[in-house]
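So you can see what is in the structure, the chains are spelled out below.
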Amino acid sequence: MRRFLVLPTSRAGWGLLIAFVALVLAGTWPVIGLVNRATLVMGLPLMVVWSYLVIFACVVVMLIGNRIVERDDHE
Amino acid sequence: MNSPWPLLITLTYVVIAMVIGLRAKAGRSMNSLEEWGVAGRSMGPVTLYLLIAAGSVSAYTFMGAPGWAYSKGVAVFYVAIYLAYLALVAWYFGPKVWQFGEQFGHVTQASAISDRYQSPALGALAALVMAIGSVAYAVLQTIGSAYILFVMSGGLIPIWLGVVLVLACIAVYLYVSGQRAIGRTNAFQGVLMLIVAWAVGLWAVHSATGGLSFAGVFERIQTEHSEFLTLPGAGGDMSFSFWTTSIIVSMFSFMPPVWTQWMSASSARTIRRSATWLPTYYVVILPMVVVGFIGIFSLPELARADTVVLEYAMQHLPVVLVGLLGAGTLAASMSSSEPFIHSVSLSLSKDVIQPVLKLSDAVTGKLARLLILPIMFLVIAPLAIAEPGSLVMILLVGLGFASQVMPAFIGMFFWPRASRLGVMAGIVVGFLITTAFTILWPHPMGIHAGFWGLMLNLPVFIVISLMTPSTNAEVVERFFRIAAPRGLTRLGRKGG
Numbered sequence: 001m002r003r004f005l006v007l008p009t010s011r012a013g014w015g016l017l018i019a020f021v022a023l024v025l026a027g028t029w030p031v032i033g034l035v036n037r038a039t040l041v042m043g044l045p046l047m048v049v050w051s052y053l054v055i056f057a058c059v060v061v062m063l064i065g066n067r068i069v070e071r072d073d074h075e
Numbered sequence: 001m002n003s004p005w006p007l008l009i010t011l012t013y014v015v016i017a018m019v020i021g022l023r024a025k026a027g028r029s030m031n032s033l034e035e036w037g038v039a040g041r042s043m044g045p046v047t048l049y050l051l052i053a054a055g056s057v058s059a060y061t062f063m064g065a066p067g068w069a070y071s072k073g074v075a076v077f078y079v080a081i082y083l084a085y086l087a088l089v090a091w092y093f094g095p096k097v098w099q100f101g102e103q104f105g106h107v108t109q110a111s112a113i114s115d116r117y118q119s120p121a122l123g124a125l126a127a128l129v130m131a132i133g134s135v136a137y138a139v140l141q142t143i144g145s146a147y148i149l150f151v152m153s154g155g156l157i158p159i160w161l162g163v164v165l166v167l168a169c170i171a172v173y174l175y176v177s178g179q180r181a182i183g184r185t186n187a188f189q190g191v192l193m194l195i196v197a198w199a200v201g202l203w204a205v206h207s208a209t210g211g212l213s214f215a216g217v218f219e220r221i222q223t224e225h226s227e228f229l230t231l232p233g234a235g236g237d238m239s240f241s242f243w244t245t246s247i248i249v250s251m252f253s254f255m256p257p258v259w260t261q262w263m264s265a266s267s268a269r270t271i272r273r274s275a276t277w278l279p280t281y282y283v284v285i286l287p288m289v290v291v292g293f294i295g296i297f298s299l300p301e302l303a304r305a306d307t308v309v310l311e312y313a314m315q316h317l318p319v320v321l322v323g324l325l326g327a328g329t330l331a332a333s334m335s336s337s338e339p340f341i342h343s344v345s346l347s348l349s350k351d352v353i354q355p356v357l358k359l360s361d362a363v364t365g366k367l368a369r370l371l372i373l374p375i376m377f378l379v380i381a382p383l384a385i386a387e388p389g390s391l392v393m394i395l396l397v398g399l400g401f402a403s404q405v406m407p408a409f410i411g412m413f414f415w416p417r418a419s420r421l422g423v424m425a426g427i428v429v430g431f432l433i434t435t436a437f438t439i440l441w442p443h444p445m446g447i448h449a450g451f452w453g454l455m456l457n458l459p460v461f462i463v464i465s466l467m468t469p470s471t472n473a474e475v476v477e478r479f480f481r482i483a484a485p486r487g488l489t490r491l492g493r494k495g496g
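Chains as they are written, first to last, in the working numbering: chain A, 1 to 75; chain B, 1 to 496.
Any given hint might turn out to be false.
Quick list of the computed label-pair ranges, beta carbon to beta carbon [stated by the list, open to error]:
{"hint": "1", "chain 1": "B", "residue 1": "236", "chain 2": "A", "residue 2": "41", "range": "19 to 29 Å"}
{"hint": "2", "chain 1": "B", "residue 1": "473", "chain 2": "A", "residue 2": "17", "range": "19 to 29 Å"}
{"hint": "3", "chain 1": "A", "residue 1": "15", "chain 2": "B", "residue 2": "212", "range": "39 to 49 Å"}
{"hint": "4", "chain 1": "B", "residue 1": "386", "chain 2": "A", "residue 2": "17", "range": "45 to 55 Å"}
{"hint": "5", "chain 1": "B", "residue 1": "236", "chain 2": "A", "residue 2": "34", "range": "14 to 24 Å"}
{"hint": "6", "chain 1": "A", "residue 1": "30", "chain 2": "B", "residue 2": "414", "range": "19 to 29 Å"}
The set of hints was computed from the structure by calculation and includes no laboratory data.
Virtual Cβ for every residue (Gly too), placed ideally from N, Cα, C.
Model the full structure from these sequences, guided by the hints.
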């Protein structure tokens, strides 16, 4: 039992895990360093725009996740 | 401030919240842990969305976050990002926690830990130490509530009276309607906060720039104070490492009220639906933070950064909006303190007092309701009135500890081999490191103390787990039928 772990069991599951990790990377260093500039985009600081892009990307990924979970019919 | 309107509007909010909270009972008996603790596992997606959203948006959003924008700049947005990540956490773990609760009868986080590791001692330890951070959090929110009443009444309601008033209101509807009151009042408070935040934010922008676009504010900041638009911020103290580790530590702090909220859902699917849309609520932070940025050039000599929105509102906004701001800020602090008070009472009754005194579930249900009164009036009220200087430190250590319970959850969701002693050892080591790196040597190398704690906690947890007996196989199998419905993976191969 010592070597057993819970990991995704399908290609869609792995895709979802990769998307979750990508979202976390998008909001942390080093990615956040790339948008750390004192420029404005649509009147808002780039850091603020990026933060809300990450936030709304979370919604999109979870919406896709819902489709996968409900298609595969498991909780 | 001489107008009576701000106080009247704020008190009207309190009356409405009380009526909603009291009506939430709707004739049900509240003497069982299932009903008072987790609302009979009945909450629908909209209520759950607003319950979690309003619970996570505390007085910090109306006072602390604009204060951070005023003193540091865009560094404040780490909060919005970690709140969105908490939605990802809720999306993945929430449905599984709900199934544990529904199938095994858990009503608290600590009872799930106690069951998974077959150790009431570990459950009680988790309940007690989580209670420290939870009480400190509730005290800070109560201080915020009392401060709002003090300001809105022009000093007529002193802090001690504000503390007693706010706690008395919460006590009445929490005792009467339990988690249902939290659900209903948070739904009302959540909507109110969203409306107030945007109304105040847009009005403030209009008064500062003559238009409704945030661009005017940020163009001026870019020209005059561009250091506020990047990390490490104007204070120079939000490095990339502190930003990143603060997000990670906050993301993995599984606070007990959040579990109770998940367990209150009507189904696993409800949690997933609510979590999916949860990040959209965090647009509530943006207008409040913009007022903080306005303060940089319009209130440059402010003594306390976290009063920036209140000060700006009192100087530039109509009294009705000042009153709504008071109501919104009070809603934010009450909606955040209620779940913590409820969860401390629930967990101390269920996970500490019940096993020690061997009480029946019926007696424990009644005890949980009554216990909110001594918690509120003998612990929270004196602390809120005294405002001890170490309170923020207690909170930071408490929250740091919350992330140190992570091994317990790894063993619950990912790794069946995790043992009771491994979890205990990891928690103790992680807690000691977090405490030391919060109090003695704050955040070495600009890395969050809780992150340092995890760095030692996790290896200790793994090594000790491998060296000590695992939990009874039947219990592990019971948990992992839910945590891994399609089976476990053995080093890349499919297993049982």
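Checked hints:
At roughly 24 Å, the beta-carbon separation of residue 236/B and residue 41/A lies within the given 19 to 29 Å, and the hint holds. A hinted range of 19 to 29 Å for the beta carbons of residue 473/B and residue 17/A is consistent with their spacing of about 27 Å. Range check, residue 15/A to residue 212/B: about 41 Å between beta-carbon atoms, so the 39 to 49 Å window is met. Separated by about 48 Å at the C-beta atoms, residue 386/B and residue 17/A satisfy the suggested range of 45 to 55 Å.
Checked against the given bound of 14 to 24 Å, the beta carbons of residue 236/B and residue 34/A, roughly 20 Å apart, stay inside it. Checked against the hint of 19 to 29 Å, the pair residue 30/A and residue 414/B passes, with Cβ atoms roughly 26 Å apart.
Taken one by one, the earlier hints all hold for this structure without exception.
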